[in-house]
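Engineer: Generate the whole structure from the sequences, applying the supplied hints.
Each protein sequence line maps, in turn, to chains D and Z.
Numbered by my numbering, the letters in the first sequence go through residues 236 to 649 in order.
Numbered by my numbering, the letters in the second sequence go through residues 236 to 649 in order.
Hints may contain errors.
Pairs involving identical chains hold if they fit within one copy or between any two copies, as the list cannot separate such chains.
Each computed DSS-like pair below joins lysine-lysine, with the alpha-carbon atoms no more than 30 Å apart [claimed, not checked]:
#: 1; residue 1: 431; residue 2: 347
#: 2; residue 1: 533; residue 2: 599
#: 3; residue 1: 357; residue 2: 378
#: 4; residue 1: 478; residue 2: 263
#: 5; residue 1: 451; residue 2: 630
#: 6; residue 1: 347; residue 2: 484
#: 7; residue 1: 406; residue 2: 473
Source of the hints: derived by calculation from the structure; they are not laboratory data.
Protein chains: 2
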Amino acid sequence: MKAEIITIGTEILIGQTIDTNSAWLGEKLNEIGIQIERITSINDEEQTIIQALNEASLRADVIFTTGGLGPTNDDITKYTLTKYFDTELVENKSVLENVKKRLERRGIPIRKINENQALVPKNCIPIENKNGTAPGMWFEQKKKIYVSMPGVPYEMKGIMQNYVLSKLSQKINNQTNILHTTITVVNVPESILATKLTEFEKNLPDFVSISYLPHKTLVRIRLSGKHSIKNILEETLKNQLFKLKDHLKNEIFFDGSLNIFQIVAQLLQSKQQTISLAESCTGGAISKELTNISGISKVFIGSIIAYHNNIKRKIDVKEETIINFGAVSEETVIEMLKIREQFNTNISVAVSGIAGPNGGTEEKPVGTVYIAVTNGKIQHVKRYKFNGNRITIIKNATFFAFEMLRQLLMNEIE
Amino acid sequence: MKAEIITIGTEILIGQTIDTNSAWLGEKLNEIGIQIERITSINDEEQTIIQALNEASLRADVIFTTGGLGPTNDDITKYTLTKYFDTELVENKSVLENVKKRLERRGIPIRKINENQALVPKNCIPIENKNGTAPGMWFEQKKKIYVSMPGVPYEMKGIMQNYVLSKLSQKINNQTNILHTTITVVNVPESILATKLTEFEKNLPDFVSISYLPHKTLVRIRLSGKHSIKNILEETLKNQLFKLKDHLKNEIFFDGSLNIFQIVAQLLQSKQQTISLAESCTGGAISKELTNISGISKVFIGSIIAYHNNIKRKIDVKEETIINFGAVSEETVIEMLKIREQFNTNISVAVSGIAGPNGGTEEKPVGTVYIAVTNGKIQHVKRYKFNGNRITIIKNATFFAFEMLRQLLMNEIE
Numbered sequence: 236m237k238a239e240i241i242t243i244g245t246e247i248l249i250g251q252t253i254d255t256n257s258a259w260l261g262e263k264l265n266e267i268g269i270q271i272e273r274i275t276s277i278n279d280e281e282q283t284i285i286q287a288l289n290e291a292s293l294r295a296d297v298i299f300t301t302g303g304l305g306p307t308n309d310d311i312t313k314y315t316l317t318k319y320f321d322t323e324l325v326e327n328k329s330v331l332e333n334v335k336k337r338l339e340r341r342g343i344p345i346r347k348i349n350e351n352q353a354l355v356p357k358n359c360i361p362i363e364n365k366n367g368t369a370p371g372m373w374f375e376q377k378k379k380i381y382v383s384m385p386g387v388p389y390e391m392k393g394i395m396q397n398y399v400l401s402k403l404s405q406k407i408n409n410q411t412n413i414l415h416t417t418i419t420v421v422n423v424p425e426s427i428l429a430t431k432l433t434e435f436e437k438n439l440p441d442f443v444s445i446s447y448l449p450h451k452t453l454v455r456i457r458l459s460g461k462h463s464i465k466n467i468l469e470e471t472l473k474n475q476l477f478k479l480k481d482h483l484k485n486e487i488f489f490d491g492s493l494n495i496f497q498i499v500a501q502l503l504q505s506k507q508q509t510i511s512l513a514e515s516c517t518g519g520a521i522s523k524e525l526t527n528i529s530g531i532s533k534v535f536i537g538s539i540i541a542y543h544n545n546i547k548r549k550i551d552v553k554e555e556t557i558i559n560f561g562a563v564s565e566e567t568v569i570e571m572l573k574i575r576e577q578f579n580t581n582i583s584v585a586v587s588g589i590a591g592p593n594g595g596t597e598e599k600p601v602g603t604v605y606i607a608v609t610n611g612k613i614q615h616v617k618r619y620k621f622n623g624n625r626i627t628i629i630k631n632a633t634f635f636a637f638e639m640l641r642q643l644l645m646n647e648i649e
Numbered sequence: 236m237k238a239e240i241i242t243i244g245t246e247i248l249i250g251q252t253i254d255t256n257s258a259w260l261g262e263k264l265n266e267i268g269i270q271i272e273r274i275t276s277i278n279d280e281e282q283t284i285i286q287a288l289n290e291a292s293l294r295a296d297v298i299f300t301t302g303g304l305g306p307t308n309d310d311i312t313k314y315t316l317t318k319y320f321d322t323e324l325v326e327n328k329s330v331l332e333n334v335k336k337r338l339e340r341r342g343i344p345i346r347k348i349n350e351n352q353a354l355v356p357k358n359c360i361p362i363e364n365k366n367g368t369a370p371g372m373w374f375e376q377k378k379k380i381y382v383s384m385p386g387v388p389y390e391m392k393g394i395m396q397n398y399v400l401s402k403l404s405q406k407i408n409n410q411t412n413i414l415h416t417t418i419t420v421v422n423v424p425e426s427i428l429a430t431k432l433t434e435f436e437k438n439l440p441d442f443v444s445i446s447y448l449p450h451k452t453l454v455r456i457r458l459s460g461k462h463s464i465k466n467i468l469e470e471t472l473k474n475q476l477f478k479l480k481d482h483l484k485n486e487i488f489f490d491g492s493l494n495i496f497q498i499v500a501q502l503l504q505s506k507q508q509t510i511s512l513a514e515s516c517t518g519g520a521i522s523k524e525l526t527n528i529s530g531i532s533k534v535f536i537g538s539i540i541a542y543h544n545n546i547k548r549k550i551d552v553k554e555e556t557i558i559n560f561g562a563v564s565e566e567t568v569i570e571m572l573k574i575r576e577q578f579n580t581n582i583s584v585a586v587s588g589i590a591g592p593n594g595g596t597e598e599k600p601v602g603t604v605y606i607a608v609t610n611g612k613i614q615h616v617k618r619y620k621f622n623g624n625r626i627t628i629i630k631n632a633t634f635f636a637f638e639m640l641r642q643l644l645m646n647e648i649e
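Structural biologist: Now the structure itself:
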């Protein structure tokens with residue numbers, strides 16, 4: 236069963252909004268054996284929408300649209316679908332009740348513009364939106380399924396999870412099974428990996444493909460398979476994964492499509508090492524990435540964000556150190572590591588740098604960042620120079636702080 | 236001049252990667268008067284890529300492709316473009332030099348697979364990639380321009396900024412000017428705004444359109460205009476913006492397409508109020524959003540991330556308070572506000588909650604979050620219950636901490 240997504244909304248095309256819905260949809264649909272073949276993002280224009288629907292219906296069995304269902308005049312998806320299916324709008328009582336209930340709860344008087352949200356194309360099954368006023372809509376025509384949903388992510392997700400995914404699962408007979416399995420390799424360039432895996436690639440069964448996804452010091456290697464018999468697919472992927480790992484037995488890799496934060500969290504948890512942080516220029520970004528991970532509270536104790544130098548002094552950074560070497564210096568980050576004793580943890584990390592756009596000097600230009608890690612026995616400090624704007628510099632400092640932590644936890648630092 | 240983007244890579248369609256390149260491209264191209272009409276995301280399959288190129292070239296003057304230029308076998312964009320233009324691959328010396336230089340710097344021996352990156356279609360102008368080994372490629376055929384770039388965001392951005400944007404600007408004569416202007420309205424439902432602006436919308440000139448982009452308690456209202464004469468466009472948008480603001484004079488709004496973090500940062504800076512934070516369940520997320528903003532160091536002093544209760548005690552949260560009321564309680568967040576005195580700031584914020592998936596109770600289920608703000612005179616505490624997974628709960632707690640700060644800074648709390 237092939238699917239396409241059409242995302243409708245000028246905000247995506249002018250870069251005011253990043254489309255995160257499609258990635259979520261792609262992942263969830265794969266899990267029930269549906270493959271996204273194409274994502275098309277278009278403006279809120281009737282002719283463009285109709286053209287995109289026509290094209291998609293020639294290729295796909297299921298077409299999802301997101302966006303353009305709000306109450307304002309710039310949202311035209313519902314009216315365009317009514318035209319596309321050559322039908323008319325009718326009022327739906329249960330949708331109207333939902334709109335009224337939601338507005339009442341927020342103390343908003345109901346207006347004509349809200350009542351209009353209860354008008355739906357006659358040929359659709361309206362889908363309750365538990366997180367908003369615009370209903371989802373399910374259409375079937377000429378053996379094709381069309382699902383129209385709001386663009387607001389949590390509204391779209393609610394509609395998918397409460398209705399669409401289970402209904403689609405029921406509709407699928409003789410489905411193709413789709414499976415992906417990924418490992419994440421550390422510190423091996425993509426080209427070296429591919430050379431190592433030349434033979435492995437050649438011997439892959441024709442229903443299994445391999446992909447390389449590099450990100451900074453990590454390369455994710457994904458095996459993807461499609462097969463009508465689930466058992467065969469599962470067994471084959473398991474065997475190929477085993478072979479893949481054997482080819483890479485001299486490298487460092489982790490199971491799953493992991494980011495560096497997840498890798499470090501796994502290592503901290505498995506080695507039962509508690510951690511505290513003293514962040515200056517990253518301002519909480521490192522702590523936040525740890526906090527995003529379930530179960531981290533067993534090892535993550537806390538941090539001080541020492542943005543102002545006064546706060547650095549609270550972690551016992553000496554006045555003279557800041558005066559003599561500067562807040563952005565090897566000496567200062569080493570003293571910031573004392574958070575380890577203050578917070579009584581096994582490991583500590585300290586970061587201080589110049590994220591810009593101001594504050595750079597010739598000696599220490601914008602992008603200069605010092606990162607230090609210690610476990611009490613081993614201490615390691617490194618000076619980095621990152622390019623890009625403030626946000627990119629903070630992101631890079633965060634990534635490499637985790638990479639240094641990984642090295643410390645894997646005993647790669649002496 | 237119309238443009239389309241084709242993003243190539245199965246990782247986008249299966250949800251392993253979110254396409255952030257297109258939003259960046261959309262924004263930068265708008266600035267030089269080029270409008271993205273369509274974004275198409277497809278798999279790494281020759282026939283699909285050729286079909287997408289054929290379709291796009293019927294509609295657009297410039298076609299950008301991102302992705303599929305890596306050295307591994309799953310990357311086929313370059314070979315497919317060679318076929319599409321019915322040409323052959325030739326070795327390019329300066330690309331080869333760049334590949335060698337980059338690998339040498341990283342201490343990686345050059346292999347056949349790397350040398351292949353210096354092969355480019357004969358009809359293209361290779362574009363130097365200062366951040367990677369795969370060159371960008373510029374093609375012209377039948378009055379259409381094709382630009383192929385790697386999918387790695389910082390490589391793509393470098394190629395655009397170092398070459399493509401300036402070359403496109405030179406190519407454009409008699410360009411259409413495109414301008415957007417946005418205001419961000421606080422705490423007014425979209426439907427009420429639209430009703431208020433019915434007359435305003437009707438009277439807009441036909442080359443100006445209005446869009447509403449709701450996000451939680453904010454609605455961004457965007458005026459977009461296209462006109463061949465720059466002065467007329469600028470003047471018209473200026474006047475319409477003035478009228479729009481007049482219609483909304485009883486509401487709270489800010490200039491620009493702002494998020495709640497930027498709004499609060501503006502208020503802190505303009506009112507010269509320093510701030511410190513005590514974060515528990517948000518684990519640095521609030522501090523991080525402040526840190527992302529340039530110039531925040533004037534007002535953001537620092538934070539304690541009191542993830543473990545031992546650290547809460549360091550901000551003078553009393554042992555009895557945690558025992559009697561729990562770490563997630565009104566009483567605890569109020570005591571956490573003492574960070575204000577410790578860090579000597581005008582304002583402080585404290586957050587404690589249960590982000591899950593574990594740790595919930597019947598009385599305080601997962602998603603329960605207490606947020607407190609104070610400026611020393613006024614103190615406000617609120618209990619929230621957020622739905623969704625761990626990351627969604629942290630995001631929501633972060634958003635509403637900022638919304639409470641906004642209210643405090645705008646004297647909406649008494």
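Engineer: Would you mind marking each hint as holding or not holding in the structure?
Structural biologist: Hint-by-hint comparison with the structure:
1. 431 - 347: The answer is between: 12 Å across copies meets 30 Å, while 65 Å in one copy does not.
2. 533 - 599: Between. Shortest inter-copy distance 20 Å satisfies the 30 Å Cα cut-off; intra-copy 37 Å does not.
3. 357 - 378: within (18 Å within a copy, 46 Å between copies)
4. 478 - 263: Answer is within; shortest intra-copy Cα gap is 28 Å, inter-copy 45 Å.
5. 451 - 630: both (11 Å within a copy, 26 Å between copies)
6. 347 - 484: between (66 Å within a copy, 23 Å between copies)
7. 406 - 473: The answer is within: 28 Å in one copy meets 30 Å, while 53 Å across copies does not.
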